[in-house]
Amino acid sequence: MEGRLLLKNCAVFRADGRVRHGMAVVVEEGIIRRVAPDAEVPVLPGDWEVACRGRLVAPGLVDCHSHMVNGQLLPPNGDFLLRQPRSRLERMRGVANLLTAEDVEILTRFAAARALLDGVSLVVDHLSCPSDVAGALEAQARAANSLGIRLVTSHSTHSLDGAAVADSQADANAEFVRRYREHPRVRGALGFHASYTCEDALLSRIAGHRQELNASVVFHLAENEDDLSTTYSTHGRRVVPRLDALGLLGPHAIAGYPRAVERSEAERLAASGTFIALTPRATRSMDRAAESADGALSSLHLVGLGTGGHGTLQEELAGALVSMLSLARSGRMPDLDDSLAHLFVSGPAELCTRLYGKPSGGVDEGSIADLVVYDAIPAADPETGYSPFLLGQLVAARVAWTIVDGRVCVREGQLLGNDYVELARDAAAALARVWSRARLGS
Numbered sequence: 001m002e003g004r005l006l007l008k009n010c011a012v013f014r015a016d017g018r019v020r021h022g023m024a025v026v027v028e029e030g031i032i033r034r035v036a037p038d039a040e041v042p043v044l045p046g047d048w049e050v051a052c053r054g055r056l057v058a059p060g061l062v063d064c065h066s067h068m069v070n071g072q073l074l075p076p077n078g079d080f081l082l083r084q085p086r087s088r089l090e091r092m093r094g095v096a097n098l099l100t101a102e103d104v105e106i107l108t109r110f111a112a113a114r115a116l117l118d119g120v121s122l123v124v125d126h127l128s129c130p131s132d133v134a135g136a137l138e139a140q141a142r143a144a145n146s147l148g149i150r151l152v153t154s155h156s157t158h159s160l161d162g163a164a165v166a167d168s169q170a171d172a173n174a175e176f177v178r179r180y181r182e183h184p185r186v187r188g189a190l191g192f193h194a195s196y197t198c199e200d201a202l203l204s205r206i207a208g209h210r211q212e213l214n215a216s217v218v219f220h221l222a223e224n225e226d227d228l229s230t231t232y233s234t235h236g237r238r239v240v241p242r243l244d245a246l247g248l249l250g251p252h253a254i255a256g257y258p259r260a261v262e263r264s265e266a267e268r269l270a271a272s273g274t275f276i277a278l279t280p281r282a283t284r285s286m287d288r289a290a291e292s293a294d295g296a297l298s299s300l301h302l303v304g305l306g307t308g309g310h311g312t313l314q315e316e317l318a319g320a321l322v323s324m325l326s327l328a329r330s331g332r333m334p335d336l337d338d339s340l341a342h343l344f345v346s347g348p349a350e351l352c353t354r355l356y357g358k359p360s361g362g363v364d365e366g367s368i369a370d371l372v373v374y375d376a377i378p379a380a381d382p383e384t385g386y387s388p389f390l391l392g393q394l395v396a397a398r399v400a401w402t403i404v405d406g407r408v409c410v411r412e413g414q415l416l417g418n419d420y421v422e423l424a425r426d427a428a429a430a431l432a433r434v435w436s437r438a439r440l441g442s
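Once you know that position 78 of the sequence shown is 78 in UniProt numbering, the rest is easy, because the numbers rise by one and skip nothing.
Hint data in this document are derived by calculation from the structure and do not stem from the laboratory.
Quick caveat: nothing in here was measured; it's all calculated off a predicted structure.
We put the CB at the ideal spot given by N, CA and C, even for glycine.
The reader is advised that the hints may include incorrect statements.
[As the list claims (entries may be wrong)] If you anchor each label on the Cβ, the simulated ranges turn out as follows: (1) 208 with 51: 49 to 57 Å; (2) 379 with 94: 49 to 57 Å; (3) 233 with 264: 18 to 26 Å; (4) 301 with 33: 28 to 36 Å; (5) 381 with 204: 35 to 43 Å; (6) 424 with 81: 50 to 58 Å; (7) 81 with 421: 25 to 33 Å; (8) 250 with 86: 23 to 31 Å.
Generate coordinates for the entire structure from the input sequences, incorporating the hints supplied.
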């Protein structure tokens with residue numbers, strides 16, 4: 001887009017619950033160049049003016065752990081959810097083995113469209129396409145580019161099909177990371193499934209790639225009791241100490257599903273700088289007990305929300321609120337509102353900054369221009385600017401505009417340059433083909 005993108009007459013969001021009414025936001029070359037009172041920022045020739053009419057402008061959302069493609073393959077119906085974890089894993093592996101790169105591209109395009117319409121500007125994805133790792137990751141990159149969303153993608157490699165296959169997949173993942181180290185929106189990360197499905201040799205290989213490439217690593221962390229017991233019986237250690245000893249924890253690590261983590265291990269994760277992605281709503285449907293993440297929740301440091309490929313971040317925030325209320329009532333979380341804002345905005349912003357090396361997470365001069373205009377006009381105290389439960393107003397509001405890297409992707413609730421119904425129809429046809437191969441109905 002030539003010229004400036006100019007958001008006029010905005011209510012600018014702040015994570016501390018305050019808003020600034022009557023503001024203008026100037027975007028150039030993917031960066032927020034100016035935030036000032038509306039009257040001080042005239043419209044210039046060549047500007048794309050967005051008439052916000054007092055609506056709320058906030059940072060784009062970050063889905064810190066998703067399965068954009070694999071989450072569509074086996075929707076969480078009753079039959080699937082009532083299976084034991086190992087049975088669910090085998091079911092997911094069986095269907096993922098039948099994916100092609102073409103399927104991945106189509107399903108990623110649809111998932112990216114849904115995310116953008118929900119105000120998500122960045123997705124950290126954990127893909128499983130064992131038959132064509134290189135082709136599938138490239139397909140995801142093409143899909144993300146076509147929709148304009150930020151994407152950090154990795155492959156969920158494991159050792160269950162043998163060492164040779166695992167090594168080949170890890171190397172293909174590493175090559176993708178090399179090719180996309182400097183892309184403005186799409187980046188590669190290394191990936192593995194979980195401790196209990198990976199042998200030491202594979203994890204050491206991935207750790208070697210990580211050190212060579214200075215790359216992020218995406219994985220499931222102690223995702224269930226099976227993970228914990230299998231890891232201990234096979235390797236003589238719990239999950240967190242094992243991964244730490246192999247060099248897979250630290251500022252480069254993005255760990256999802258921390259369901260079986262002790263308080264001391266949570267402290268170890270925090271000290272290492274590991275980023276934790278929680279899926280509280282999704283977890284309650286997958287396990288008999290609620291997510292065992294009291295330690296992670298009560299020491300909010302580098303924590304954010306992920307969808308796991310199901311539902312929305314707004315739904316996950318509602319699930320987090322329920323978990324965090326019990327902690328707050330027991331005195332283990334002194335500031336509930338601040339903790340929620342950290343989980344939904346500040347923590348994910350830190351992750352985005354780590355991944356792209358630029359300030360993010362605020363409507364501030366110098367930050368990346370990942371922005372959402374909501375159909376909400378928040379009331380605020382005229383003296384302090386404080387708007388009670390501003391976060392709740394944000395998540396309940398319709399997304400009007402989604403802007404990623406300064407590019408308009410959603411305009412007044414409609415995808416720009418893409419037909420959502422067409423994308424949905426293509427995705428439905430791709431799923432039908434995969435399910436036919438899997439004989440899912442039999």
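Hint check results:
no., hint, result
1, 208 with 51: 49 to 57 Å, "53 Å, holds"
2, 379 with 94: 49 to 57 Å, "52 Å, holds"
3, 233 with 264: 18 to 26 Å, "21 Å, holds"
4, 301 with 33: 28 to 36 Å, "31 Å, holds"
5, 381 with 204: 35 to 43 Å, "56 Å, violated"
6, 424 with 81: 50 to 58 Å, "24 Å, violated"
7, 81 with 421: 25 to 33 Å, "29 Å, holds"
8, 250 with 86: 23 to 31 Å, "30 Å, holds"
In the structure shown, a violation is registered for the earlier hints numbered 5, 6, in ascending order.
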